[in-house]
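Protein sequence lines, in the order shown, are assigned to chains G, H and D.
FYI, the numbering for the first sequence is 1 to 180, going by our numbering.
FYI, the numbering for the second sequence is 1 to 87, going by our numbering.
FYI, the numbering for the third sequence is 1 to 98, going by our numbering.
None of these hints come from the bench; they were simulated from the model.
One thing to keep in mind: the hints can contain errors.
Derived SDA-like pairs: lysine to any residue, alpha-carbon spacing no greater than 20 Å straight-line [what the hints assert, rightly or not]:
hint, chain 1, residue 1, chain 2, residue 2
1, G, Lys95, G, Ala105
2, G, Lys112, G, Leu162
3, G, Lys95, D, Arg29
4, D, Lys88, H, Ala36
Here the structure is a predicted model, which means the values were calculated and not measured.
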Amino acid sequence: MTTTEAPAPSASVIARRLVSLHGLTRLVLFAGFWLVFAGNDPQSWIIGAPAVLLASWTAERLSRRRGRDVTLGGLLRYIPFFLWESILGGTDVAKRVMRPEVDIAPGLIEYKIRLTEPGARVFFLDSISLLPGTLSADYRDGIAYVHALDADEDLLDPLRRLELRVADLFGERLGGEPDA
Amino acid sequence: MHEILIAVAIILLISMSVGLIRIVIGPTPADRMMAAQLLGTSGIGVLALLAPALGVPALMDVALIFALLAAVSVAAFTRRRVGQDRP
Amino acid sequence: MNILLDLLSVLLILAGAFFFIAGTVGLLRLPDLFTRLHALTKADNLGLGLIMLGCVRFAPDGLYIAKMLLLWLLIMASGATASHLIAKRALRGDGEDY
Numbered sequence: 001m002t003t004t005e006a007p008a009p010s011a012s013v014i015a016r017r018l019v020s021l022h023g024l025t026r027l028v029l030f031a032g033f034w035l036v037f038a039g040n041d042p043q044s045w046i047i048g049a050p051a052v053l054l055a056s057w058t059a060e061r062l063s064r065r066r067g068r069d070v071t072l073g074g075l076l077r078y079i080p081f082f083l084w085e086s087i088l089g090g091t092d093v094a095k096r097v098m099r100p101e102v103d104i105a106p107g108l109i110e111y112k113i114r115l116t117e118p119g120a121r122v123f124f125l126d127s128i129s130l131l132p133g134t135l136s137a138d139y140r141d142g143i144a145y146v147h148a149l150d151a152d153e154d155l156l157d158p159l160r161r162l163e164l165r166v167a168d169l170f171g172e173r174l175g176g177e178p179d180a
Numbered sequence: 001m002h003e004i005l006i007a008v009a010i011i012l013l014i015s016m017s018v019g020l021i022r023i024v025i026g027p028t029p030a031d032r033m034m035a036a037q038l039l040g041t042s043g044i045g046v047l048a049l050l051a052p053a054l055g056v057p058a059l060m061d062v063a064l065i066f067a068l069l070a071a072v073s074v075a076a077f078t079r080r081r082v083g084q085d086r087p
Numbered sequence: 001m002n003i004l005l006d007l008l009s010v011l012l013i014l015a016g017a018f019f020f021i022a023g024t025v026g027l028l029r030l031p032d033l034f035t036r037l038h039a040l041t042k043a044d045n046l047g048l049g050l051i052m053l054g055c056v057r058f059a060p061d062g063l064y065i066a067k068m069l070l071l072w073l074l075i076m077a078s079g080a081t082a083s084h085l086i087a088k089r090a091l092r093g094d095g096e097d098y
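Could you put the whole structure together from the sequences, leaning on the hints where they help?
Structure, rendered in structure tokens:
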């Protein structure tokens, strides 16, 4: 959705990145995926090893930014929050549609994103859609257009709290004024 | 126990089929696309239930393909533009 | 103990089915594209998560559980992204149906 445009890195740059800590983490991650998908049959690695290498290479080539990564502590704090919010989000929408008269007052609100990291912004936009009653509908020039099931409710507060959570996840400090 | 799994799988299939009414009534292609999305998610739910009920764990791999196809099809759908096919 | 675990599984799976049904009801009853997207993404993701949690009990090995988890994460990421793309397309009116 949002990538800062820059020329694609050259082959030697990619090769250097692959052996960095970041690249190795990715390699381990893809190898883990292969293990999960193919099972622990050693012979499967005849195809798996080249596939994992190719995937790591492609991922490095496509990632044109050198930004922050998700921090482990942030992830551990984010997961319970995320699970609880998705339960609330699902229950909220189920309650609204199961009433005899559908209980909604839809509207579109604008939210100025304070996160600067492109990856964190995409993550924030995706997370908005799981919060109760909100759906990220568009994103332009640092403004998220959020569709609300009930636009009469105060949604700025939950959005700010979610943004703080995502900032914590990426180890980012939010700057600027907290306004919409 | 397995009977319960199969019963719930059938409930999901019915729910999914009812949801397909959206494909018929539309009104926009985007609405129809959403019904197809529903088909994907419910289909994965059905497969997740049938895999233990029938004792075929490989059904989970089928579910994986469903998930990948659903993701790609929506991306392809939203990339289409007015008059794109005309020269 | 086994009976309790079975009961828990059944409850989780039934709850999951309920959210799937809620998603379908929402898709049919809600008045416009955006509100339908709400129902579809939130209810179905939660429903699928609950069903998979209920099925953990029947997993033959740990890798199977990991596969279910990955599948759920994939569905959530693609579902959220898909709803954003569909909503954006409708808002900007640059799709083929306008």
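Each hint, compared with the structure:
{"no.": "1", "hint": "G:Lys95 <-> G:Ala105", "verdict": "holds (14 Å)"}
{"no.": "2", "hint": "G:Lys112 <-> G:Leu162", "verdict": "holds (13 Å)"}
{"no.": "3", "hint": "G:Lys95 <-> D:Arg29", "verdict": "holds (13 Å)"}
{"no.": "4", "hint": "D:Lys88 <-> H:Ala36", "verdict": "holds (18 Å)"}
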